[in-house]
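In the order they appear, the protein sequences are chains A and B. Each residue of the first sequence is one higher than the one before, starting from 1 at the first, in the numbering used here. Each residue of the second sequence is one higher than the one before, starting from 292 at the first, in the numbering used here.
Treat each hint with caution, since some may be false.
[What the hints assert, rightly or not] Output of the computed footprint for chain A on chain B, the stretches with three or more beta carbons under 8 Å from beta carbons of chain A: (1) 421 to 428; (2) 467 to 477; (3) 497 to 510; (4) 515 to 527; (5) 595 to 608.
Think of the hints as simulated: they come from the structure by calculation, not from any bench. Glycine is no exception: its CB is placed at the ideal position from the N, C-alpha and C atoms.
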Amino acid sequence: MTTRYSFGGDEHIFVEVDEEMSLEAFFKSLSITNAVRESRIEGVTEICPANASYQIKFDPDVIGPDDLLAKLKSLESAAGESEAVLETRVIEVPVYYNDPWTHETLMRFRERHQDPDGTDLDYAARINNFNSVDAFIAAHSGAPWFVTMVGFVAGLPFMYQMADRPHQIEVPKYLRPRTDTPKLTVGYGGCFSCIYSVRGAGGYQMFGITPMPIFDPKQETSYLRDFMVFFKPGDIVKFKPIDRATYDKDVAEVEAGRFTPLVRDFTFSLKAFQNDIDGTNAKIGEALHGH
Amino acid sequence: MAINVISPGLATSVQDLGRPGYYHLGIPISGGMDRYALRAANMLAGNDEAAAVLEAVFMGPELAFTQDATVAVTGADLPPKLDGEARESWTSFAVKAGQVLSFDYLKGGARAYIAVSGGIDVPLALGSRSTYTLGALGGLDGRNLLAGDVLPLGAGTAAAEGRSVPAKLRRLPGAQAELRAMPGLYWHRITEASGRRFFEDTWKVALEADRIGYRFRDGRPLEFVERTPPFGAGSDPSNIVDSCYPYGSIQVPGGTEPIVLHRDAVSGGGYFMVGTVISADMDFIGQLQPHTPTKFVSVDMAAALAARHDRQAMLNEIRAMLA
Numbered sequence: 001m002t003t004r005y006s007f008g009g010d011e012h013i014f015v016e017v018d019e020e021m022s023l024e025a026f027f028k029s030l031s032i033t034n035a036v037r038e039s040r041i042e043g044v045t046e047i048c049p050a051n052a053s054y055q056i057k058f059d060p061d062v063i064g065p066d067d068l069l070a071k072l073k074s075l076e077s078a079a080g081e082s083e084a085v086l087e088t089r090v091i092e093v094p095v096y097y098n099d100p101w102t103h104e105t106l107m108r109f110r111e112r113h114q115d116p117d118g119t120d121l122d123y124a125a126r127i128n129n130f131n132s133v134d135a136f137i138a139a140h141s142g143a144p145w146f147v148t149m150v151g152f153v154a155g156l157p158f159m160y161q162m163a164d165r166p167h168q169i170e171v172p173k174y175l176r177p178r179t180d181t182p183k184l185t186v187g188y189g190g191c192f193s194c195i196y197s198v199r200g201a202g203g204y205q206m207f208g209i210t211p212m213p214i215f216d217p218k219q220e221t222s223y224l225r226d227f228m229v230f231f232k233p234g235d236i237v238k239f240k241p242i243d244r245a246t247y248d249k250d251v252a253e254v255e256a257g258r259f260t261p262l263v264r265d266f267t268f269s270l271k272a273f274q275n276d277i278d279g280t281n282a283k284i285g286e287a288l289h290g291h
Numbered sequence: 292m293a294i295n296v297i298s299p300g301l302a303t304s305v306q307d308l309g310r311p312g313y314y315h316l317g318i319p320i321s322g323g324m325d326r327y328a329l330r331a332a333n334m335l336a337g338n339d340e341a342a343a344v345l346e347a348v349f350m351g352p353e354l355a356f357t358q359d360a361t362v363a364v365t366g367a368d369l370p371p372k373l374d375g376e377a378r379e380s381w382t383s384f385a386v387k388a389g390q391v392l393s394f395d396y397l398k399g400g401a402r403a404y405i406a407v408s409g410g411i412d413v414p415l416a417l418g419s420r421s422t423y424t425l426g427a428l429g430g431l432d433g434r435n436l437l438a439g440d441v442l443p444l445g446a447g448t449a450a451a452e453g454r455s456v457p458a459k460l461r462r463l464p465g466a467q468a469e470l471r472a473m474p475g476l477y478w479h480r481i482t483e484a485s486g487r488r489f490f491e492d493t494w495k496v497a498l499e500a501d502r503i504g505y506r507f508r509d510g511r512p513l514e515f516v517e518r519t520p521p522f523g524a525g526s527d528p529s530n531i532v533d534s535c536y537p538y539g540s541i542q543v544p545g546g547t548e549p550i551v552l553h554r555d556a557v558s559g560g561g562y563f564m565v566g567t568v569i570s571a572d573m574d575f576i577g578q579l580q581p582h583t584p585t586k587f588v589s590v591d592m593a594a595a596l597a598a599r600h601d602r603q604a605m606l607n608e609i610r611a612m613l614a
């Protein structure tokens, strides 16, 4: 990992922790941005961790660009020495894979896709060497995911699967982006899964849909009354495949204000994970559902 | 007491100086694209500089007042009319209850700022009244104005009419535009020759130019330095592992058409960026019309900070004049 610093005009410092994606790069980005937040540096107005990079927005009338740069570099050396342990939460997100709404949308934009004759799931399963769509869904919903970035649009989580690299799923984005994506679509691009928080344009492959709102500017959803955005970087997500009947029931529960996502506290250690991926992921499953 | 919207114009929204602090969750700062004009309009109308105003794009709304107020219109050359009679831009004027404010055709620039004494008093959303339409947040129900809307006004004392900003302190682009930018971010992904061409070429503002970003076309495609794609980035040479996007950053998807992100920026994504437009020129972008020939001019940090101070000095002149 080689950290690269660049000024984004006179109001941003952009820091690439690593050119390629890894959980290690994300953890470094998260730990430095946490340190920046705790340092309460006067003049810093936005602290944005991303997958393998981060960005600080600042007011150059308050803190000189070179002074802030020096401060960030000193925080980087300190962050490298700390042990990567995160007090976080595990969230179970129900997903209706192969649903009719994303299917209708992907058929509508078929000419923009690499494989005009199949579906996004068929294509993703095939190029990742799975025997069937079911086996692919089992892998996507098998190992949990780290929310490594929230953004693009309001509240959209980018998620990176907690698996070793040979087991990572990789898919390209659409050849040309769609102008429409159903709200709450579970998508995939590069090595990231995402959930589209609002309806709109998008270039990620579409695998399914969740009944669980994750952004509510009106704050009417029962679990979004305190804050309108559900996810934050560092959250752990486990997808749970559901069928149409469960999806309809969950949507009705959301509308009635009775839906509560399953959320549990979890202490994540990067070292323990690196030593035993399956064991850590099993503990995450136990945190949600017991033994 | 309020303003009734008779016709909304093309894309008129409530904006103030925005909601910093939520970019890490994908919620952009929003607020007036031309903040200099927004602040000036407020000062003319006797408001706090940060009060909420209307931002009208290309075409003005038609507004019926149900109370007396002081109004000022700045930014684009979009001549205001009161009950059909011409009024001066960049100059405060009195409006009586029952009168209708409308606008003539656009003569220059792109966005006019309409400040009303007391400010537009829609509810605060995350500390700001600015409209972020993509997230349906802030403003009036998170959207642009519609005919029949009622805009509440805050309590304020009407300022004197005839207060004016002199011509030398009004800012509008000419027939050609220059945007100063600092090369950086993923600048190393293109060849040296391609980097030179980027600043040599005359680009044109494309039709896809809105609060999220301004797209430019007609320059030569960029030439990439060869690489093995890093894990997670994607195979296209313009792809990166999805990162944050600075405000003003210049991304070039596929290496063809640069997009400069603005106040409603998408906060991140997987396209590489060649640099960032400096803070002093961000307001100016909001006044560019489609098809405007535009050149990017390479500057360093010292020049960016000097330009920033020049802009602040202009604003301080207006402050001193209208205090």
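Quick rundown of the hints versus the structure:
no.	hint	result
1	421 to 428	holds (count 5)
2	467 to 477	holds (count 4)
3	497 to 510	violated (count 0)
4	515 to 527	holds (count 6)
5	595 to 608	holds (count 4)
This entry does not satisfy hint 3, going by the numbered hints stated previously; all others are met.
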